Amino acid sequence: MSYAVNNLSHGRELIAFRVGDQEFCVNIMSVREIRGWTPATSMPHAPSYVLGIINLRGAVLPIVDLSLRLGMKPAEPTVRHVIIVAQVGPKVVGLLVDAVSDILTLTDDNMQPTPDIANEAAKAYARGILAIEGRMICLIELDALFPHSESEAA
Amino acid sequence: MDMNEIKEIFFQECEEQLAELESGLLKLNDGDRDPETVNAVFRAVHSIKGGAGAFGLDDLVSFAHVFETTLDCVRSNKLEPTQDVLKVMLKSADVLADLTNAARDGGSVDEARSRTLIRELEALANGETPAAAEAPAAKPAAAAPKAAAPAPVVEKPVVNDEGFQPIPFSFGDFDDEPAGHYVPTVQVVFKPKKDLYAKGNEAVLLLRDVSRLGDMSVYCDMDSLPTLDKMNPEEAYFSWKISVTSEKGEDGVRSVFEFAEWDCDLDINTIEEDVVGEVTEDEEQPMQPVPFDLSMLDEGGSAGNDEPAVMESDAAAAVAAAETATKVAQAASRAADNKAASAAASAASAAQANQAAAAGQTIRVDLDRVDRLINLVGELVINQAMLSQSVVENDANGTSSINMGLEELQQLTREIQDSVMAIRAQPVKPVFQRMARTVREIADITGKSVRLITEGENTEVDKTVIDKLAEPLTHMIRNAVDHGLEMPEKREALGKNPEGTVRLTAKHRSGRIVIELADDGAGINREKVRQKAIDNDLIAADANLSDEEIDNLIFHAGFSTADKVSDLSGRGVGMDVVKRSIQALGGRISISSKPGQGSVFTMSLPLTLAVLDGMVVTVAGQTLVVPLTAIVETLQPEASAIHSFGASQRLISIRNSFCPLVDVGRILNFRATQANPMDGVALLVESEGGGQRALMVDAIQGQRQVVIKSLEANYTHVPGIAAATILGDGRVALILDVDAVVAASRGQSLRQDISLAATG
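From first to last, the protein sequence lines are chains G and C.
Sequence positions in the first sequence follow our numbering and run 5 to 158.
Sequence positions in the second sequence follow our numbering and run 400 to 1159.
Treat the hints with caution; some may be incorrect.
[To be verified] Calculated lysine to aspartate or glutamate pairs in the DMTMM-like style (CA-CA distance at most 20 Å, straight line):
| no. | chain 1 | residue 1 | chain 2 | residue 2 |
| --- | --- | --- | --- | --- |
| 1 | G | K95 | C | D770 |
| 2 | C | K406 | C | D765 |
| 3 | G | K95 | C | E1111 |
| 4 | C | K927 | C | E898 |
| 5 | C | K598 | C | D504 |
| 6 | G | K95 | C | D767 |
| 7 | C | K598 | C | D770 |
Derived from the structure by calculation, the hints contain no laboratory data.
Remember, predicted model here, so these are calculated numbers, not experimental data.
Build out the structure end to end from the sequences listed, making use of the hints.
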C-alpha cells in the first residue's frame, strides 16, 4: 500500500467531496466536470447502485450512487446533490455525491496509508488517507471501484 | 506528410481508379464505343502504373504496363474491343485490384492467374497489332471531316484543319499521323511543369532516353528563366526543342515520355512536307499554333529544378489543368479563327467538367469527424426542442418574437440535420461494382454464362449500411448464380437465353432503401426444399405448408439444397446468415419465386443506422422506444380476447389465432407483477424465428424519429435493450430490443440470450 501512496505523492491535485458523513477524494485529472443532479432514466437489470442513465450533451452517461457503491446507505438524490463526471478507463461515469467540498494538493506529509483495520472491500478502492485540518479524507481509486470488465452490470 | 501517408493516398486513389476502370470496361462491354470511355479506362490503368512506379511496386507496375499496352491498342483502334477481349480485360482489372490490395495489405496474389493474363494481354496486343503505320493510314481521312465540325459531345475534343489541338483533356478518335516515311524525323517541344519534378522525374533522363532512339539534336530554351532574385526554386523554367531521327518514329518518342506526359507540355510532330497540317494523337500534347506556345511560356516558363517537391493533390492538379485550359481558350480566341476558339472552349469546358468531377471525388474526411458533427447536430436539435418547450412553458402569450425566432431556428436545425446526414449518405455503386466481380468469378468457376444488370447504382444510403451490405449481397449473388441459374445447355434446352441474367436494383421507397436481386433461373425447387426440411427435422413430414412458407424455409439455419457442397455456397450457412445480417441492420428480406422463371429476393433497409423510426411508449412509468420496423399492428385488448394459459401465461386471440402476451414491464423488471392487459395497449410484433408476440405496454405516446445513442460507450450492453436515445425533453429513453424480449418471453432469461448471442 505504501507503494501506491508513494506513487501518487507528487504534489497532485485532488477533488474532495462528501458522501453521507464521510469525505473522499479522487484525482482531479479523472474528473471531467461537475454538474447538478437531474433525474435519471432507470435501467432494467442494473445493479442497485446504478441509478440510471442521463443525457450528457448527447452522450449516454450512467449515474452511480457512490454512497451505495461504497457500502453505505442509498442516497436520496435532491437538487442539492451533485454529479461528478469522471473518466474511468475508457468510459465516463457520473458519480452521485452529496457535495463537492474542496480541491486539495497531495503531498507526502499529509498522506497516510490505509489503516489495517479497513475491511476488504474498502481496502480494494482506498488508496490512502489524508489528514487535513483535522478532517479525514479517504483517497479512492476509481479504476478499482469500477473494473473495466463488464461484470458490474451483469 | 510522410511516405506512408502519401502511399495511403495513392491506394485510396487506386480504389477510385479501379472503380473507374471497371465501370469503363463494363460500359465498353455494353457496346459503348465512346473514345472518352476508352481513354478513361486507359487513364485509370496508367495512373495506377505511374503511382506504383513511384512506390517501387514492381509487380503492380509490370502487370499494369502490359494491361496498358493492350488498352493502348484499343485506344488507337488497332484492337477491336470485342466481348472476348473485354472478358480478358475485366479479369485483368480484377487481378490489378488484387495486386493493389496485395501491395497495400501484404497479401499474396494468384501468380499463375496473373501470368496467364499477362500472356493473354500480350497476345491481344501483338496478335492484332498491324504494322504501326498501316492501320492509321486510312484513319485520318475519316477522322478529318468529323473533326472539322465541333462535335456535340462536350468531352470529345475537336480538331480543326489547322491542326489545332488543345490541352490535356482532349482526345481524338483518330489515329497517328499519316505515315509512309522510312526514317521519320520527329520534332518534340518538351516543356516540363513543376509537377514533373515534384513527382521525381528528371528531364535529363528523359532526354537521354530520347537520344537512344536515334540521331538527336537538342536546343534548350532558357528565355523564361527569371533573374535569380525572382526565381522560385520549385518552379520549372526550361523547355527543350528536340529533333530526333529514328526508326521508331513518333510512337517511340511518345513512349519515352509516357510517364511524364501528364506533367509537361509535350508537342510531338513528325516532320513531313506539310508540318502545319499535322494531326497528332492523344491527350498529352497541347499546341501547334503559335499563340499557344506563347501563352504557355508566359504562364509558367520551364526549367530544371532538381528538388522533388511535395506531392500535389489531385484537386490542385485538376484546378491547374482547368486553368491552363481556360487560358488556352483565351489565347486561342484571340489569335486563331472561330473554329479554333470553339474547339479550345469546348476543351476548356471539358476540362472544367473533369475538374468538377475530380474535386467531387477527392474530398476525403475522416469518418469520425463527420460522426462527431452528426452527434453535435443531433444535440442541437434536442437542445432546440428543449428550448422551445421551456419558452412555451414560461411564456403564456405565445406571440412574442422569441417564438418566431424559435420556429426559424427549428427549421434551420432540421435542415442542418438533413444536410449532415446526407454527408454520410453514399451511392451503393461501389458495392454493386464489387458484385460484378463476384458474378464474373462464380460464372467462371461454375462454367455458367451470366450477365449482371445493375440499376439504381446512385441510390444513396448511409455508409454504415453500405459497408454491411456487401457481405450478405455477395452471399446472395453466389447463391443466385450457383443454385439459381441453370447450366447454359439446360437453359438452351428450356428455350431460354443460354446467358443467365442476374438483376440487381436499388431504389428508395418510403424512407427506406429497397434492394432487389432477381435471377431468371429455375426458381426454388419447392419439392426439394420441402424434402430437405423434413430430412433436417425442420418441419414435420406431414406439415401442410404454403408455397411462401416453403420458400421461406431457405432462411432457416442449417439449410442448403445444393447437392454437392461446393466452394461457393452450400455450406449450410447461406441464407440464414444473410437474413440475420440484414436484420441486424434493421432490415427485412423476403423472397418470391416462380418455378422456371427465377427468384426475386427483396431487401428493405433503413437509410441510416443513426436514426430510427420508433413508437414511443410508456411502461411502468418509464419511456421506451419500440422500433417501428418490428411492429406489425397495435391493438387495444378486450377482456374477451384475453385467455389465461398455464400458471402465469396469457394469450390474446387476434382474428382467431392465439398469440402469447408479453408484459414488457415485467420482462425488464420494471414491476414485480404482471399488469392488467386491459389497462394497456398491445403491440403485435414479429421477431426473428419467434413468430408473433403481443407486447403489453401501458400507453402509446406517439411515433417519432429518434437518434440512436450507444449504451455500450459508457456503460455496458443491457439485456433487452438495443440502445438509448434522447427525447425532446432532454431525458434518455431506452430503445427496446424486440428480439431479445421475445426470446426472453419464451422462457429463456435475458442473460442467457446474451451469452448465446455472443457465441453465435
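Unmet hints by their number, sorted upward, for this structure: 4, 5, 7
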